[in-house]
Amino acid sequence: MSVAEREPKIVGFLCNWCSYAGADLAGTSRTSYPTSVRVIRVPCSGRVNPQFVLRAFQLGADGVLVAGCHPGDCHYSTGNYFTRRRFLLVKRFLDYLGIDQRRFRLRWISASEGPKFAETIREMTEELRQLGPRDAAAVEAHAE
Amino acid sequence: MKRVGVFLCWCGSNISSAVDLDQVAEQTALLPHVVHVEQYKYLCSDPGQETVRKAIKEHALNRVVIAACSPRMHERTFRRAVGSVGLNPHLMEIANIREQCSWVHPDKVTSTPVAVDLVRTAVAKAVKDIPLEPSYVGIEKRALVVGGGIAGIQAALDIADSGYEVVLVEREPTIGGRMAQLDKTFPTLDCSSCILTPKMVEAGQDPRIRLLTYAEVESLSGYIGNFEARIRMKARSVDLDRCTGCGDCWNKCPYRSPGEFDLGLGKRKAIYLPFPQAVPNKPVLDRATCAYFQKDGKCQVCKKVCAPGAIDFEQQDEILEERFGAVVVATGFDLWDHGRYGEYGAGQHPDVISSLEFERLVSASGPTDGKIKRPSDGKLPERVVFIQCVGSRDEAKGVPYCSKVCCMYTAKHAILLKEKIPSSQSYVFYIDVRAAGKNYEEFYRRATVEYGAQYIRGRVSRIYPRGDSLVVVGEDTLLGQKVEVEADLVVLATAVVSRSDAPQVAQKLGFSYDQHGFFTEAHPKLAPVETNTAGIFLAGACQGPKDIPDTVAQAGAAAAKVVRLFAKDQLETEPTVARVDRARCAGCEWCRPICPYKAIEMEAVTERVGSGQVARRVAKVNPSLCHGCGACSVACRSGAMNLLGFSNEQVWAEVEALCL
Amino acid sequence: MRSEAVRAAARRLLEEGKVVRFLGHAPGFDPTSPFPQLITRAEEAERLVLDHFCAPNLAKYLLDYETQEGVTAVVLKGCDALGLARLLADHRVARDRVWVVGLPCPGMLDRDKAAALLPGVQEARAEGDEFVLTGAGGERRVAAGQVLLDRCLVCAVPTPDDADELLGEPVPGRPVPREEDAAVAALEAMTSAERKAYWTEQFSRCIRCMACRNVCPACNCRSCCFDSEEPRWLSRVTDGPAQEMFHFVRALHVAGRCVDCHECERVCPMDIPLMKLNHKLLQDVEELFELERAFVPREVEPLGIYRPDDPEEFA
Amino acid sequence: MNALAVEERKAVRLADIRPVLERLAAGGKLVAPVAEAGGFAFRRVGQAEKVRLDFYNTAESPKDLFFPQSEVLFSYDAAGIAVPEPAGEQVLLGIRPCDLAALPLLDRVFGEGPFRDPGYLARRERTVLVAVACDRPRASCFCTSFGLSPGHVAGADMVLYPDEGGYLVRAQTEAGEALMAEWPGEAVAPGEAEAVAARYRSMETPLGRRIRLEGVAEALDGMFDHPMWEQIAARCLSCGICTYTCPTCHCFQLTDEAKGEAGKRVRCWDSCMFPEFTRMAGGHNPRPDKKARVRQRFMHKLNYFVRRWEEYLCVGCGRCVESCPVGLDIAYVIEAVQGVTARA
Amino acid sequence: MPEAARQLDNPLVPALATVQAVRPETAAGDVRTFQVTLDEGPVFPYLPGQCAMLSVLGVGESMISITSSPTRPDFLEFSVKNAGRVTGALHELGEGARIGVRGPYGNHFPLELLRGKNLVFVGGGIGLAPLRSLISYCLDHRADYGQVDIVYGARSPVDLCFKEDLFERWPAVENTFVHVTVDRGDGSWQGPVGFVPAYVEQVAPSSRDAVAITCGPPIMIKFVLAALEKLGFTDEQVVTTLELKMQCGVGICGRCNIGPKYVCLDGPVFTLAELKKLPQEF
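Residue numbers (the working numbering), protein chains in the order written: chain A, 37 to 180; chain B, 38 to 697; chain C, 9 to 323; chain D, 43 to 386; chain E, 177 to 458.
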């Protein structure tokens, strides 16, 4: 497969209560989306350690998605507010280190937003495809 | 040694038609630790679960991966299945290859690699699974009910009737709440106090219920089964033990001021009984309006006339500390202040009143003895305009939601008006009439058909005085024309809103509230009376606008939840909670403020350093408070705080497996 | 500069029994690199110096004595005192077990800059806005700006505000033009790939000696995630990804907690511009969360709280 | 083997060294000092103009070229274990006498004990060492204390002596001679070359720092429990600067990097200054505090190594003096030991 | 063949080996014995007391004493307590698993010193593993030694290792006496209860013409040494083995030295006399 055709790989950290349920809803309603995403279920978006995110990038993920309940709707009241704060900073910092901030997304996806989940994956896949592999040389160097 | 069994579910053909499960099985079998891979048509069925159980025994499996539908669907099912053959239920992981694979990637060529990845990731996580056990805490079998309206009364009665002690805290001098202010109730037109009063009395007399009126909860700490409340008993200036409720004091008290219970439509004394049926049927001295306190310290008439010597000017606020196992919050609602509508007279015109004021005017025990005298001149109104949705469903100036009860009580008001003043005519401006509920539509129709209430669909744009009457200008949207009605009295169905101090109450008690100040239920459908703080339940309109039957039903439900809790001697908590590695913890306390449940406290540990003992502080998680969100585990830089079930090791392994 | 004063303070405190140990500085192999010195007896006070080269921040050493008996006296400059504030905010040190001998700091000199201006420099004294360097090569008068440590050029907190005693009159802070922000801005102006290349080059020099971590008052964990075997947050291999992970995590773990003392950068034997990482985060923290002077430790740190109306970029 | 005495080897004078550097750089095997981040570092160089022969000692020693900070020992997969190809040839230009003297010490560790390290030995064998007589000692240098000098170049294949504005280049081995076979420059008489070499050998370091070594190893025999260690260790940061910049320190750890069924085992530098270095799985740590670790480092260099190999594990390069942020350098410790013995 | 030869050239590269059998050693399950053969060639020659580095590829290495006896050269045996990352991973392995082995490392028990003597073995917990190699060796050369006393203890009955040896094989050998104690008994335990040091004093083996060889947790060794001293054993008559963190096994990596001695080269076996000359840093 040529580089251009290669399907980007997205690691998605989804909170159990909203976004994971939203992704389930996309399934239940048979809303198809690209096969680029692989989901890791976490109880809350606040559980996502930025070190997980960088690790995913380093192991070859082209993009990382963190998704949680909308602010105010967190199953644990406040988890996603901390997530937002943390990743406002992390997104910029990743970018500062040379990991294009378009590769990282945090999205609020409720349990009823199956279509939004599918759309997020579609958008992200398209954007990542345009951005191309993150750092082909670096990824290969690590893979060897 | 880890022996992982992987079970691939066809889900009929839901999965098997879209994913090449043979290939998934083949690749999965090559993974480290995987010793058994099996497919089955319906794993969640009894024979399917039996397949898993059998394989666990036959292949000595100690980790199980189920590749099937979403864990949100069947995690419990399979945990139970695994647990039933002696394997710890938390040594099971689910790979979601239906909702997040076969249903969204129906093409086998593209979906199969996804399924392979998801199964591999679940295996990687399962390998890092450790057995988890719940912990247990004792339960203080006493309930605290906050708020003495019908919701609180009902909850207290139900809990007490089940044999448990209840403390009912009401901040007003009497229980009864809003319902006591109502005249009749829809759709049956029962007299409100006739059905409420017996319950108030019952609550006052039940030996298991302790009424604390004129009291407020100052703070609540602890956790489910083990709350500690500080309750402030406001100085009532009346010794309740001595007072007989004879009435001499309030009869003799020379000072009158507008009475709260009658919304200022009538007067009460400085020492007063809010209403005749008050429970406890004993007065309170309002120091803000009492001459003894406010002027010269001389008056003391009440004290002089009180034979039992119950008046106590020196009384101080008192703090009670009590332990409870559960809390029911039933703090009720307020009405929206229609003063914010300038076009309706900005609350300045005495004859533009709220619906609750109308209740007091129409009530036989009200300031007008049930005669509907309009406030400005005491005249009996002939033409009365009722305006619905005042504040409700008004995103611009009011609140966006429907207050739910106004349609019905306005119909009731129209009926009551006609009954009291047969010559009168009522006009009702409405947006729509919402009469969903048993006998509600019929009731509304009675108001229009039998009592001749004239319903006009449309909003009122202006109210202005003309002579001694009011002109109500609106639009009839059905006819598409402007209407003007001259009225003697205008009654506004103002929105039901949260208590102004609801956010403070929520913060004090430790649960969440929405942007309107209504308390948030743990789940809008499946946990409508629970809060997100275990052990605290909601009843009545503090959670959202409700009519009396809904309120009573919810109060009963909240009571049932409390009783359900008290029926156990110990509480089993979810095992997926945070855990501290004491050796690593530096005691920096960073995790503490981040925990939404205040589940983290500090403890001292001593350890050997060289030949001596050294004490230091480390974090400690209370497993009964922890809900397992994991926020602390991310805040903890050293990794000393970990979340069982979604541990650092597990998620790390998942990331690695996923990116392989 | 204040050597006599610090010796007198040490003597007095130890003699009076007010403290059982005293952390100060002593001359190093050359007079421009004094090192931290612990003394426990009054007669050892003679060893102490306090001059314009006493850059090392002594606050972190307080962790060594947390489990030992007695009060520790420590000489702290304004920036160092923020380090102590950090340790206090992190509940790592109890204030009542520390006696702070505060130095209202006129600025510390960069020994490399000084040596470049006057090879063989041995001493420096402040005269107004100038420093007089003396050494084998004679004497030279230089502007403060030429010879101060970068961090001192923009020091906002020269005088500790929490000292138990001060060695001298408080010194006003310098107006802070935050020149570092320009360095961050320059990097921000690059393309993503250029930044990647820049940092890859910088990080490739890292030898993972951990000095940046060990000197940092905000890196005060009891056990560091970098030393954890399970999960292995950081590979021991010094390849590109691991270097990136190390620097990402180190900086992020002090985000909103960094006291801007520059010690990490000063001790780095490979001259990796660590403050460009710290400043980026510091700037973003201040900007995003509308904070001022985010380098001053506060009771709850910026990442330990939230506001419902924080910037929303993730809808 | 053509074993000639150094005096008989070829020597030339280069007024301009650039053409030689260009030739070496073009070969793709050149490792030489370059300017980097305020100091110097040995790096593989493709362009001659990057080479900086006016360098002073690099922050990191060149030991990394023989004993890399991270070295794959082998990789494995389902099929088995594979050992990487041995390193290719390289020309290390610019090694200073101190670092040069460190190599025989590492040779002992990796080549003369009961076990021989093939990777290290291959890199040693395949590296042509072109030393530069030290014309830029720093204030922190004290190589002369160890019997070395700016002209101590034993073990180099070839030496560059800065002289008269250019370089006098002298081969010391066959490999050195082979390397300079095609170099330009006028041949120099052996006597003249030896005179220049001798001049460098007799040079002192500029600050004339000399540390008395006599009796240090013997004194330390009885100083394991001396209170001095506590005092010295108090200011240690427990970082690895001293050990990682040291040309002779050689502690390491083995670490596995797995990716699914495949992976590799890597040997990485480690430091006896790190608390985790000796911590056992159960938590027991025989060197639990800074005192024990600092003592281990200096005892190793000044006593244990001497007991085993009869040499100090230090060459006076001054890197720990230069880089230790808290002045906990070996010269200081030696002086402290001497102070103790003097008082005794 | 040059490839393979080069592999073994590097002392840090293990030889591939296969786990032939795994035996749970204790009822508590935290100790397992692995029987291992090398994939290429016979088992390397070794003597009792020596160790080998076991690799779980992808996880790491751990130094484990060889518990089998060179008198039975078909395989190597290692008894491993699950105490950390690598030993934990070893415990995950079953029959047929591939591991790496390199060794043997370290010195061995002083067989010359033991020859002709009465032997007193004192072991605690997993500390019996290295002793077991020597016990088997001596019992296989029974005529060369006098009376053999084996004193062994574990925390509780479920923690006893090598029960078959303790209760069946060894007692069956002539002039060989096995004394087993536990710190804490349980319902089924009929034997003595008490700590090993006290039990040694109670068993009171004679120090005449005897050598005591002890291995176990540091705290036990400390008190056993005192007990042996009371019984009249001199420092030269007491032999023990040490365990420290090791990475290379070849005296380079810098962890296991006690003063100038490297446990991986000069140890792990030391006489008490030797040990007393070393700095007390282990």
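Warning: the hint list may mix true and false statements.
Only pairs whose alpha carbons sit at most 27 Å apart, straight line, appear in this in silico DSSO-like list of lysine-lysine [said to hold, decoys possible]: (1) K293(E) with K339(E); (2) K455(B) with K545(B); (3) K92(D) with K204(C); (4) K333(D) with K398(E); (5) K121(C) with K333(D); (6) K145(B) with K152(A); (7) K434(B) with K410(B); (8) K416(B) with K434(B).
Worth flagging that the hints you see were computed from the coordinates, not collected in a lab.
So, going through the hints one by one against the coordinates:
no.: 1; hint: K293(E) with K339(E); in the structure: 26 Å, holds
no.: 2; hint: K455(B) with K545(B); in the structure: 46 Å, violated
no.: 3; hint: K92(D) with K204(C); in the structure: 23 Å, holds
no.: 4; hint: K333(D) with K398(E); in the structure: 24 Å, holds
no.: 5; hint: K121(C) with K333(D); in the structure: 34 Å, violated
no.: 6; hint: K145(B) with K152(A); in the structure: 24 Å, holds
no.: 7; hint: K434(B) with K410(B); in the structure: 30 Å, violated
no.: 8; hint: K416(B) with K434(B); in the structure: 32 Å, violated
Violated hints, in rising order: 2, 5, 7, 8; the structure is consistent with all others.
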